[in-house]
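Q: These are the residues of each chain, in order.
There are 4 protein chains.
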Amino acid sequence: MVTLGIIGAGRIGKVHTESICNYVRNARIKTVADPYMSEETRTWLLKMGVGGTCADYHEILNDPEIDAVLICSSTNTHSEISLEAIAAGKHVFCEKPIDHDLGRIKKVLTALEGSGLKYQVGFNRRHDHNFAAVKKAITDGKVGDVHIIKITSRDPEPPSAEYAAVSGGMFLDMTIHDFDMVRFLAGCEAEEIYTQAAVLVDPAIGEAGDVDTAVITMKMENGAIAVIDNSRRAAYGYDQRAEVFGSLGMAATANDTPSTVVLSNAEGVTGEKPLYFFLERYMQSFATEVRGFVDAIENDTDTAVGARDGLMPVLMGIAAKKSLDEHRPVKLSEIEF
Amino acid sequence: MVTLGIIGAGRIGKVHTESICNYVRNARIKTVADPYMSEETRTWLLKMGVGGTCADYHEILNDPEIDAVLICSSTNTHSEISLEAIAAGKHVFCEKPIDHDLGRIKKVLTALEGSGLKYQVGFNRRHDHNFAAVKKAITDGKVGDVHIIKITSRDPEPPSAEYAAVSGGMFLDMTIHDFDMVRFLAGCEAEEIYTQAAVLVDPAIGEAGDVDTAVITMKMENGAIAVIDNSRRAAYGYDQRAEVFGSLGMAATANDTPSTVVLSNAEGVTGEKPLYFFLERYMQSFATEVRGFVDAIENDTDTAVGARDGLMPVLMGIAAKKSLDEHRPVKLSEIEF
Amino acid sequence: MVTLGIIGAGRIGKVHTESICNYVRNARIKTVADPYMSEETRTWLLKMGVGGTCADYHEILNDPEIDAVLICSSTNTHSEISLEAIAAGKHVFCEKPIDHDLGRIKKVLTALEGSGLKYQVGFNRRHDHNFAAVKKAITDGKVGDVHIIKITSRDPEPPSAEYAAVSGGMFLDMTIHDFDMVRFLAGCEAEEIYTQAAVLVDPAIGEAGDVDTAVITMKMENGAIAVIDNSRRAAYGYDQRAEVFGSLGMAATANDTPSTVVLSNAEGVTGEKPLYFFLERYMQSFATEVRGFVDAIENDTDTAVGARDGLMPVLMGIAAKKSLDEHRPVKLSEIEF
Amino acid sequence: MVTLGIIGAGRIGKVHTESICNYVRNARIKTVADPYMSEETRTWLLKMGVGGTCADYHEILNDPEIDAVLICSSTNTHSEISLEAIAAGKHVFCEKPIDHDLGRIKKVLTALEGSGLKYQVGFNRRHDHNFAAVKKAITDGKVGDVHIIKITSRDPEPPSAEYAAVSGGMFLDMTIHDFDMVRFLAGCEAEEIYTQAAVLVDPAIGEAGDVDTAVITMKMENGAIAVIDNSRRAAYGYDQRAEVFGSLGMAATANDTPSTVVLSNAEGVTGEKPLYFFLERYMQSFATEVRGFVDAIENDTDTAVGARDGLMPVLMGIAAKKSLDEHRPVKLSEIEF
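Residue numbers (the numbering used here), protein chains in the order written: chain A, 78 to 414; chain B, 78 to 414; chain C, 78 to 414; chain D, 78 to 414.
Hint data in this document are derived by calculation from the structure and do not stem from the laboratory.
Be careful, since some hints might not be right.
What the hints assert, rightly or not - Computed Cβ-Cβ distance ranges for the label pairs, DEER-style: (1) A:Glu357 x D:Thr154: 57 to 65 Å; (2) B:Glu268 x A:Glu357: 40 to 48 Å; (3) B:Asp222 x D:Gly87: 52 to 60 Å.
As the list claims (entries may be wrong) - Dumping the calculated DSSO-like pairs for lysine-lysine here, alpha-carbon to alpha-carbon at most 30 Å: (4) B:Lys399 x C:Lys107; (5) A:Lys107 x B:Lys107; (6) B:Lys408 x C:Lys399; (7) D:Lys212 x A:Lys399; (8) D:Lys408 x A:Lys408; (9) A:Lys107 x B:Lys124.
Here the structure is a predicted model, which is why all the values come from computation and not from measurement.
Positions of the beta carbon are idealized from the N, C-alpha and C atoms, including for glycine.
Given these sequences and hints, build the entire structure.
A: Okay, structure coming up:
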């Protein structure tokens, strides 16, 4: 039985709390820390069976009963709390991204070296049933040598321009998941990235210095070509697909829907839209990833998504932005860290 | 908060226990009764947070703290325990069927009259996301007047001939769910039933006096025609579909699959088989139905599937068997009870 | 090169004329006969390269250059012209049905005996790419032993009540194609038929003594169970599907559509409706069946759909009607002829 | 009635001959010219109703009865014969590409100016039912403003390295169709192109100086981003899809298959592979495009795909190659002609 502390009781902190209480039999949450915890949240936690709450996450770090922490606080605190947690001898599950600054991520990697601690980054989509099945098709040899990887990733609604301004930009905020997916499916790193991007959804996003639509091409180390297409707004909802084409065939996913019902009438033959957004679409993956984290601690095995997996997509996002700014293909080796 | 006792710790008893612990926030399980409870089950229950166990279910019935019971024991005990539970003033969730004997079911209905107690029968498929979406399409008026209802229901593996012999026959053991679905989707009762059936899967089932393949046609009170096709063995797994055709169009479901991944290669374009069997396919519905039962108790509303809904599919199963035996269409009004 | 005469220049006569001119390289149409041929039709025929026209089909029967005739006249003349054509030593392609009267069909069968002439009935759906592919899956052994055959056959619009009154009834006018399909897919005859039918589309059809909605169950000689569902009006258009379920799996068709385009928007994910009606849906099959007929003449082989194949679906239609009238399952052996 | 001459009796010349004879009622082929015409071809032409043949296409150009020519000869002769035909006052349907040399294409454009002659280039895919339906969805406003265009175009088998060496390279030989499709769907020109390409299918193609796998990104004049992915070999056959994403939704095509039959068995749920190659997949479009050409002559309207539509995809192919060679995005305005 692994004892956990959760740092941050916002949306994703609650998602993990619920998953762990419902599905992770070999873990218990002892304490949830949040400086702004509402009474409502406290009541909800009690109902979930979590009695321990505190404002200051250092209480968790100083609690010798707690084996591991989940860092679910705001992005700009991830790397610092990671370092503190590692120093306190806690295993760490850190929500993505570790940081937008490569130097700070590097500090986390350095701190982990020889620590014997587990570190997992919350790239949950690897644990999604559809993407995991594509990966399995590849590793089972059904696709052959991978030639082309295509990721479609479109949100149902754009963020506010205010959020866009502090999000680190679309590449680090949204595409980062797709960069991770490309690495996961290719089984290797990207060598070079070229970005074609535009502001087509919301001019305010452009005024905030960001883009909302992009097609990003990558040359992978194994020779494969990868391409991501992103939009901040799909009228039909959350569009999350992958297609991997290789020497023996193609493995492709479709979106998940609330039901399989199809209505045929005078207007056409109509199925349901995709599940609305990430909480609906990826709920299963949040449970699966944390279960894997706890199992890695119990069995002393590698985590599925380690600190280096947290670093590389940030590097890719920075290269993608540089490509856009300099209007040329950019090699990952150009990005210093 | 509703306090529950569960009678029977077999497969379906455990399914309900797990669903309630994970998903039903306004209920707690105080006690699980089973005369043959293993140490392993007891440990598992503890891990789920259920400390109370007993061999004799009368302990549950006599416990004034317990508001409601779930009857998950063997089929031949359902009606008797129902009667005892009602006499003890407990609300009852009873797994299907209430009984194979219409007289005994009638006693349950009589006992409920004026009792003020809730009674729900475990026809879980009504709560499945796909079938519920078909029903919603109908009630939303998208199908218009219902003309034809088609249910396909095929199991991945036949039961043993020994089981077939004591199961009450395919119509009461397997088709009973489909009879309930026909009533649910039609929104009315069947008037007449005609059965065409055969032994095509396993001769031993025939030797045990049962059939394993059937097409059953029904005339519904509202004029619609319904047809169920059953097989005890589909090579591709659990096939669970419905199609409702009406004056304005058709609503149809497809099977659920483990993932949406499609592999295109030299052999063809191949998707996954349906989810294997009822535990995989209908897990969500087991949670939804019990949540509904608990809500009905808390809010003093009707249960979604009442005792009469438990009676009618048994009546239909008996009529279907009579049609097969007498080789003619049989009216439900011919069946005495 | 086979020289053809076409008797009847109505809709189906024109379909065959066009198919033969465009696709059947080893046949030429010498003459088209129609007592009511319009100037427009004559011009159209000329443009297709057919110069010979006449009012009286006996000119065709008496023309020693003509090897074979296509009987595309009104249904009530099919058997008589068949007999005359056989007497004149012509091979015959006869539109379905040969006749509604079993005695007259029998006369055609008798006349053919020992004549050495080819006779083909226009059950075109056997030649359709989808239904032919289902048949191939069966004969290739991919379905295993056939257990259940399901045919869905729904028209986009009901006929006028006037037409219904003289059509021979839905079973001989519409279901006759589905009866043929059941025989084709089962590879054997039906033993017994039970009909559940109703008037749900248009009361005027009921007043004309016919039905417009039906579910017809058949026991086949090989033990399989077949079921046809019919409606005279599907709001979404022409619904033409088959599903064959057997010991090794299931082969199922979907409808053909004008394009594969799917539109995803705020309303849902919408594909096209089926091709509108039989001329759009089955155009390819009309060419294929006549090409087969001409090849059978050239190569002196059996036609794909012989005179007995013309007889049996009529027998089935009569049995289906008798089942409806007498409200009981009817054996085909009960129908005298 | 338009009188046609066909120059070149190879594969595509025969495809057009057959289409015209079968489907284009307001045209007749008077003469087919080919210096290497076999006796077999001559016989086949006679059977199709085409009596006139000659070795030297100038006979066609000098024939005052002939209104228009179809240039179906080898690619390196297209522009020269176009110029001669225009000089002879003939309307021209020219197979793609007009030329690989921009200067020669320009000469054709100049020759056409003020000639009053119709000129159509054989970009047949615009006339395909699926791609035309996507275009219609766009022009009907169902997609809204176009943001992302994705074209997947993969051949079932790579060409020989010998062919690759003389083909003008993959971009002018294969992608040229996709460049045309991007222009067609975007409704505007590309501004800039970036190519990521590799040799992953056949090293011999690389040795011949060509590539066999590519992802090509384009910035369009209207701000949309387009991306083409190409492979010279898809194990599952000819993969021809388009997806257009815009402010109101997405229109996407799937591949056409020989039938809709799906086989469900112990291995999975398997549909058919795409139609094998362009002759199977696009046969309908070859007839439709020529019918449109003849109609444009008869009605004196613009052709659907004019000479400028023949020029631009060649320009795009040259820019794509330059991008690959110089490893940077290339503006179309950089290409001189």
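Q: Would you mind marking each hint as holding or not holding in the structure?
A: Here is what the structure says about each hint:
| no. | hint | in the structure |
| --- | --- | --- |
| 1 | A:Glu357 x D:Thr154: 57 to 65 Å | 59 Å, holds |
| 2 | B:Glu268 x A:Glu357: 40 to 48 Å | 42 Å, holds |
| 3 | B:Asp222 x D:Gly87: 52 to 60 Å | 59 Å, holds |
| 4 | B:Lys399 x C:Lys107 | 61 Å, violated |
| 5 | A:Lys107 x B:Lys107 | 24 Å, holds |
| 6 | B:Lys408 x C:Lys399 | 19 Å, holds |
| 7 | D:Lys212 x A:Lys399 | 35 Å, violated |
| 8 | D:Lys408 x A:Lys408 | 21 Å, holds |
| 9 | A:Lys107 x B:Lys124 | 16 Å, holds |
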